Amino acid sequence: MKPPFLIGFNFVREQRWPILVLLLWILLLAFLGLITDMPRGREDLLFIFKQVALYVVVFSIFFGGSAIYNERKTRRILAVLSKAVGRQQYLSGLVLGVTMCCGIYCFSLGMTGSWALGEAGFPASQVWFLMLCVIVACMLAGTLALMFSTFLNPFFAAGATAAVLAAPVLLTHLGLAPWAEAMPVYALTVTVMESSFRAPGSPLWSPILLALAETIIFWVLAARIFAHVDIAVAVE
Amino acid sequence: MAAVLEFEGITKEYRNLPNLRRLRALDDFTLQVEAGEIFGFLGPNGAGKSTAIHLAMGFMHPTRGRGVMLGAPFGHAATRRRVGFLAENVALYHRRANRLVRFYGALNGMGGPRLLQRATEVLRMVGLQDHASRNVGRFSRGMLQRVGLAQALVNDPELLILDEPTSALDPVARVVVREILLAARNAGKTIFLSSHLLSEVELICDRVAVLHRGRLVRQGRTSDLLHAAGQTEIVARGIAASQIPGAVAQNGALHWRTPAADQRRIMEQIWTLGGEVVSVNPLRRSLEELFLELAAEARPSQRGPS
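Chains A and B are the protein sequences, given in the same order. Residue 25 in this note's numbering sits at position 25 of the first sequence, with consecutive numbering throughout. Take the position in the second sequence, starting the count at 1, then add 236; the result is the number in this note's numbering.
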């Protein structure tokens, strides 16, 4: 069980500069929201918080979609997979790494959000529930992107992931709302976006559980596909 | 002796985008590497050497055929715990050398004081003990190759698979690597070595195989292959060059390169003419000469690209 953790932590280490920039962004927003005397409404503050929270879902797609590609392009994957590391373990490490990167972002945002929004009267427990929704959405989005990236380049993998994640929007418009719930990232982002001071929202666990189950399914699928990939062949 | 690495009728084809044309990198490739030997794997660029190594490591899947490494089929993850691998153009994470070696050791299930000790030991073996706390991102290519070798050795592997391990090294570092490999063989390890540095291969390899366009064109003991088939060199003095045809005067002596069958006749002629035979040796050719000879033989029958 050790290799996935080593690979996951190594992934976070490799992504330290993007993560640092994202953390600085969160701190800058917190600084502008709290320390300065800028006139602001508390609804504006919540809106910015929700928007910044959802950015990380997009980042998770980029993290997941480019992980294998970068490793293959730099050929660093060869030294890792020359050890007693199975391809499933390798993918588990990458999923863990993507989740940890997004987790660091969500934790920082949760801290600043519960501080800033708490002072404005938004329940801190609800901030953390929203962060839970976001991190679970990130896990699923990142794993889906990782699965597509086992056979597509990062650009197409990101596009395919975005298409799958956005499918519920189309299905809802087509009157197929029940099917829209099959891809819970949309439901989770809606939960985040619809929370307000008047209606912070009550925790809904079904999309979270469904997202966790789908993360496992896509991870298994990714492992199945990746097991047949010739990783030493130069990437396009 | 038991084979630790075995390729059995392996064919590997790539599909070339965008026209999906099939490119054959290996064609019905069969080879056995025995325990405790240093096996040299030679061939020109594009011969399929790296493909064969990547198949053995499980980085790729054969189109046809099968292979066994240390008793398990190619690609068996747990078996790789007993294998050390160094890729051509080694690419490693940018970390401090000692931490990097420990990271790769940990991936192989090592840990604790044993890993710490072994990481220090292998960095000392490759001559990087003074650079152990430097980030490998700032290393020269030669140093990077030595760290690569250190990570391959960290688990004290039974089988070392090295793809061009000395290509970026200076002569001093090459000697160090040569000594490491010879010490490993003396300790009972098996080394599968792909290299373009034929003089290195000639010095240390027990057996060699030559690959050309995905096909095995020659294999055998290095000493056997280097004996020019049935040729002998006779050196004599005390007679004139014109007395026996085919002699070349060199450093005050006469040299004949002659088929072994004519050896006795020429020696008797020398003695009859009152000359003295200084030496009679089976003629050796260099690995480079053999390599060029095989490449020339293979050229007229070139088939698909590799």
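Everything labelled a hint here was simulated from the structure, so no lab data went into it. From a predicted model like this one, the values you see are computed outputs, not experimental measurements. There's no promise every hint is true.
To give a feel for the contact side, a few chain A residues facing chain B, derived at Cβ under 7 Å [as the list claims (entries may be wrong)]:
id : residue
1  : Pro-4
2  : Gly-8
3  : Val-58
4  : Arg-75
5  : Arg-76
6  : Val-85
7  : Ala-232
8  : Ala-234
9  : Val-235
Note that CB positions come from ideal geometry on N, CA and C, so glycine has one too.
To see whether the hints hold, each was checked on the structure:
no., hint, verdict
1, Pro-4, "violated, 10 Å"
2, Gly-8, "violated, 12 Å"
3, Val-58, "violated, 26 Å"
4, Arg-75, "holds, 4 Å"
5, Arg-76, "holds, 5 Å"
6, Val-85, "holds, 6 Å"
7, Ala-232, "holds, 4 Å"
8, Ala-234, "violated, 10 Å"
9, Val-235, "violated, 11 Å"
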